[in-house]
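J.: When you get a sec, could you build the whole thing from the sequences and use the hints?
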Amino acid sequence: MRSNVIKEEDAEIYIYGINQIFVSVLNVSSALIIGWVFGAVLEITVFMAAYIPLRTFAGGYHAKTPTRCYILSLIIIIIVLVKIKYFHFFDIIYYIVLTAEVLIILLLSPVEDKNKLLNVTEQKVYKRRVAFITLAELVIILLFKVIGLDNLFTVMIYSFVVVGCMLIAGKIKLAIQNNHS
Numbered sequence: 256m257r258s259n260v261i262k263e264e265d266a267e268i269y270i271y272g273i274n275q276i277f278v279s280v281l282n283v284s285s286a287l288i289i290g291w292v293f294g295a296v297l298e299i300t301v302f303m304a305a306y307i308p309l310r311t312f313a314g315g316y317h318a319k320t321p322t323r324c325y326i327l328s329l330i331i332i333i334i335v336l337v338k339i340k341y342f343h344f345f346d347i348i349y350y351i352v353l354t355a356e357v358l359i360i361l362l363l364s365p366v367e368d369k370n371k372l373l374n375v376t377e378q379k380v381y382k383r384r385v386a387f388i389t390l391a392e393l394v395i396i397l398l399f400k401v402i403g404l405d406n407l408f409t410v411m412i413y414s415f416v417v418v419g420c421m422l423i424a425g426k427i428k429l430a431i432q433n434n435h436s
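Here the sequence shown is numbered in our numbering, starting from 256 and rising by one per residue.
A hint or two may mislead.
Unchecked claim - Cut-off 30 Å, straight-line C-alpha distance, at most; resulting in silico cross-link-like pairs (BS3-like, lysine-lysine): (1) Lys400 - Lys338; (2) Lys382 - Lys400; (3) Lys371 - Lys426; (4) Lys338 - Lys319; (5) Lys426 - Lys369; (6) Lys382 - Lys371; (7) Lys426 - Lys319; (8) Lys426 - Lys382; (9) Lys379 - Lys319; (10) Lys319 - Lys371.
As the list claims (entries may be wrong) - Simulated DEER-style distance windows between Cβ atoms: (11) Leu398 - Gln275: 30 to 36 Å; (12) Pro321 - Leu361: 36 to 42 Å; (13) Ile431 - Thr322: 19 to 25 Å; (14) Ile330 - Asn370: 18 to 24 Å; (15) Val401 - Ile427: 23 to 29 Å; (16) Leu397 - Lys369: 21 to 27 Å; (17) His435 - Asp405: 42 to 48 Å; (18) Val401 - Asn274: 39 to 45 Å; (19) Lys319 - Ile276: 31 to 37 Å; (20) Leu373 - Tyr269: 20 to 26 Å; (21) Leu373 - Glu264: 23 to 29 Å; (22) Gln275 - Leu373: 17 to 23 Å; (23) Glu264 - Val292: 40 to 46 Å; (24) Val401 - Asn433: 40 to 46 Å.
It is worth saying that the hints were derived from the structure and are not from the lab.
Positions of the beta carbon are idealized from the N, C-alpha and C atoms, including for glycine.
T.: Below you can see the structure in the form of structure tokens.
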């Protein structure tokens, strides 16, 4: 029995939306499970809280398929957690990396993808949002350092590093695609 609540021509949009919600829940759940395995649920939560809003508006590299995206996301999370747990650097290194990543993010973003092209207005709006989010997160990063939460200071810097890498990879991918068109 059909209730006709959703128009047939809108069904594809609803299916896409439901699929996106499922993929998001799967990604977050997997990240939290990996965080739990590493004993770093707080750290991975802070990483995602910093990474997701910035990446949403900064753009950058996108995998060709949802499966590849999922696997790449898991690999990134594992690498970040390994670095946080087992590799420690002098503060000056973190500050140099942070400065470099802020510059990369502010100069390169937004980086569009062939599946998400931005018009001039969207580019300006996204650039402003990226600048605002970057500034807000920079304040939080420095606050973490001041109050002695070095692990959260470090994890947020890694979120900037990953966004910066995604922007550079996205620019390269776009350049390659444009050369082949």
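J.: Going through the numbered hints above, which ones does this structure break? Give me the numbers in ascending order.
T.: Violated hints (numbers, rising): 12, 15, 16 and 19; every other hint is consistent with the structure.
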